[in-house]
Structures are given as structure tokens and as C-alpha cells.
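*Asks:* By the working numbering, the letter at position 63 of the sequence shown is numbered 63, and the numbering carries on one by one without gaps.
Source of the hints: derived by calculation from the structure; they are not laboratory data.
Honestly, I wouldn't trust all of these hints.
BS3-like, lysine-lysine: derived pairs with alpha carbons at most 30 angstroms apart [said to hold, decoys possible]:
no.: 1; residue 1: K103; residue 2: K188
no.: 2; residue 1: K62; residue 2: K188
no.: 3; residue 1: K273; residue 2: K415
no.: 4; residue 1: K188; residue 2: K273
no.: 5; residue 1: K162; residue 2: K62
no.: 6; residue 1: K162; residue 2: K188
no.: 7; residue 1: K103; residue 2: K62
Note that the structure is a prediction, hence the values are computed from the model and not measured.
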Amino acid sequence: MNPSWFIVADDLTGAADCAIAFAKSGMPASVLFEGGEAADVPGGVVAVDVASRALSATAAAKAHVCLLEQRFARPMRLYKKLDSLMRGQPMAETAATIEVLRKLGGPSFLVMAPAFPATGRTTVNGCVLVNGEPLEATEVWARDHTYPSGNLVENLGAVGVKTYGITLDVVRSGVGGITALVQDCMNKGFYGVVCDAETPDDLAIIAEATYPLADRVFFAGTGGLAVPLARMSAPDRGGVTISVPATERGVLMVVGSLVRVSRQALRFVLDTKPVLHVPFTPAELTSASDAALEERGREIKEALLAGRDVVAEIVEVDDPDLSKGGSLASRLAAALHGVLEASGGLVATGGETAAMLMARAGIHGIQLVTEVESGVPVGLTLGRHALPIITKAGSFGTEHTLARCIEYIRAANYKGELA
């Protein structure tokens with residue numbers, strides 16, 4: 001049987017922080033990558049990491065088309081996961097999604113609402129704000145952006161997707177006003193709507209107004225909109241609990257993100273926890289021999305088996321070459337080959353590195369359970385090894401988040417359950 005929701009994301013952490021809303025509502029929810037196949041989860045949720053974040057617009061669009069042609073079928077509801085900072089190629093991917101859904105006879109009218117208030121992301125007048133500031137003023141934007149601005153309606157228009165902006169006053173006028181406006185836009189030939197939202201209540205109104213139209217619309221957003229949609233999908237279910245083998249092995253933390261908040265959280269861990277810190281410079285990962293990297297991996301494995309927590313990081317350098325992110329992640333995953341199965345669990349910030357590491361260990365997905373905090377999901381790996389895992393988008397969380405993640409897995413391994 002098909003899942004009730006199908007989520008398409010451009011990276012691992014995004015897939016997880018979106019699908020976790022459904023798991024917390026009691027729906028079976030899994031994230032798949034590297035060709036993983038969904039288990040029989042009738043009434044559940046499957047999120048697929050297309051791994052398109054670093055691709056060109058054309059290649060990212062093609063990846064979405066191929067996935068949807070292979071796996072999407074009615075009566076699934078579709079959720080296109082957007083990066084909350086509009087990294088990658090979300091506009092080209094959304095345009096391609098509309099095109100393929102029309103071809104398949106699926107729900108092709110776009111309802112976009114990318115706000116994620118719990119992590120400081122809001123949308124006002126169709127523009128993305130981060131902690132009240134324009135997206136264009138952020139550290140991440142300065143380092144990595146695809147579009148000339150954070151104006152969603154304009155950026156969609158540039159790829160041929162004509163949308164109407166639903167402003168905050170319309171959202172707060174109530175469900176009826178939004179529903180009527182969406183239906184009017186359908187009749188007038190718009191491809192979709194872009195919804196403002198500043199609070200969880202705003203997102204709840206949007207969900208209530210558009211969820212009944214799910215046979216005609218698909219949703220595009222972050223983990224923010226997923227929360228009220230999940231509640232509407234499973235209003236009477238509780239959360240889930242999964243048993244894990246009790247172990248005293250150390251927790252492996254892999255930090256591949258360059259974002260400042262992740263670096264601050266890493267520094268807090270190094271200052272307050274008795275971890276083994278194993279830094280890898282970009283130069284080392286690029287030029288070191290396989291034998292040298294394997295030796296670093298053996299050091300990490302021995303520490304984990306002895307019960308010590310380990311932090312492996314790609315060291316930040318001035319003016320990093322973002323085009324080499326994929327190759328550095330691949331080399332770090334190679335250095336850590338055979339390490340994951342010696343650990344008591346994985347904490348990963350930066351989805352590309354985590355996905356490569358797990359793929360090398362014969363892991364093809366994650367069964368989601370709960371969150372440490374908003375945007376920081378917890379699950380159990382699927383495949384050759386069953387380990388607790390926590391993923392965190394680089395720009396989410398506070399300086400205490402990574403320390404809390406280690407503590408969470410330690411406690412879960414002591415109790416023998418994730419809940």
C-alpha cells in the first residue's frame with residue numbers, strides 16, 4: 001500500500017525535520033536515501049532525500065521529475081520540502097513538480113508556505129525573513145544563494161510559475177477567506193499561492209484552509225507547515241516509542257556544516273564535554289592518502305568502543321570553496337568507514353556528510369521517532385545497522401543543541417528506548 005504522505009526533499013536533514021512532524025503525531029514516518037525502498041507503511045509517511053541541494057537547476061529539476069514519475073501515485077498527498085533559507089534550487093524543483101504532476105494527473109496547484117517560526121523563519125509580503133531580518137542580510141545568504149532576493153513570488157515568476165501572494169491580513173481573516181482566494185486563483189489560471197506567516201497559528205489557519213483541497217493542491221514548505229498538516233492527518237494518535245539495544249559505546253558526532261550557529265554549538269561541546277576531538281582540514285581531506293585517513297578512522301573507532309564520545313569535524317577555513325563541499329563530505333565519509341557500526345549512535349549536522357557515511361555503512365534510511373528540539377529530529381537507522389541518530393540542519397538550534405543531542409542518545413541507550 002502507498003503511504004498517505006510523500007515528502008520530497010533536497011537533502012537528508014530537511015527530509016527528516018519535515019517528516020518528524022508526522023511521526024510525533026503517531027504516523028509511521030521514514031526518511032529514505034541512496035535508493036532505499038519504503039517498507040509497507042499504509043497510512044504512513046515517506047520522505048525521500050533527492051540529494052539535489054548542490055545540483056544545477058536543470059539537474060535538480062530532473063531529479064525531482066524522475067522520483068515523482070517512479071514513486072508518486074494517488075491518493076498520496078504531496079509535500080515539497082523547501083530549504084528555509086532558499087538554498088539549492090527550490091524554484092526550479094517546484095516548477096518541475098508542477099509540470100510532472102500535471103502530466104500524471106496529480107494535485108498540481110501549489111500552496112507554498114515556507115515559514116518555520118520555531119526556528120526564526122517567517123514570511124512577510126512574500127519575502128523570507130530570518131529572526132526579523134531580510135534573508136539577504138544573513139550569513140548563509142552571503143555565503144550561498146541562488147536567487148537575487150528572498151522574494152518568493154518574484155523568484156517563482158522567473159521560472160514561469162505564476163503565483164498570488166496571500167498576505168498576513170488575509171491569513172488572519174480566517175479559513176474561509178483563504179479557501180475562497182485559493183479557489184479564485186485556481187479559476188483565474190494561477191499556478192499557486194505563496195502564503196505569509198509569522199506564527200504557528202498563521203500556519204495552522206493556512207493548513208486548515210487548504211488541507212481539504214489536497215486532492216487538487218500540493219504543499220511546499222518547511223517543518224513549520226508540516227506540523228499542522230500532520231495534526232490534521234492524525235488528530236487522535238499519540239507518539240511512538242522504539243526499543244534500542246542498551247549500550248555504553250560512545251556517540252559519534254559529525255560536524256560538516258560551516259554555519260556559525262553549528263560552530264558555536266560545537267565549541268560548547270568541546271568546552272564542556274570530555275569528547276575526543278578529531279578535526280579534518282579541507283587540505284588533509286583533499287591530499288591525504290587513504291591509509292592516513294584510515295588510521296584516523298581507527299583512532300575514532302577505538303575511542304567509541306571504549307565508551308568515549310567522539311567529534312569529527314571538517315575544520316572551517318577562511319573563504320571556503322563551497323563547490324568542494326561534496327568531495328570533502330565524501331572523503332570524510334571514507335575516513336569514517338567502519339566507524340559508525342562501532343558507535344552507540346550518530347549526531348550529524350550537515351546532511352550530505354551524514355548521508356554518505358550511512359550509505360557506506362549499508363544504511364538506507366531513518367525511522368523517525370521524536371525531536372530533541374524544533375528542527376532536530378531523532379530516529380533509528382534502517383538497513384544493515386540499527387542505531388539512534390539525530391540530524392540537525394546547520395542553521396538550526398542554539399549553542400546548547402549539540403550537547404543536548406549527545407545527552408539524549410546517551411540516555412536512550414541507557415534506557416533501551418527512543419521516545
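*Asks:* Compare the structure with each hint and give your call.
*Replies:* Checked hints:
no. : hint        : verdict
1   : K103 / K188 : holds (20 angstroms)
2   : K62 / K188  : holds (28 angstroms)
3   : K273 / K415 : holds (21 angstroms)
4   : K188 / K273 : violated (59 angstroms)
5   : K162 / K62  : holds (21 angstroms)
6   : K162 / K188 : holds (11 angstroms)
7   : K103 / K62  : holds (14 angstroms)
Violated hints amount to a single one, hint 4; each of the other numbered hints is respected by the structure.
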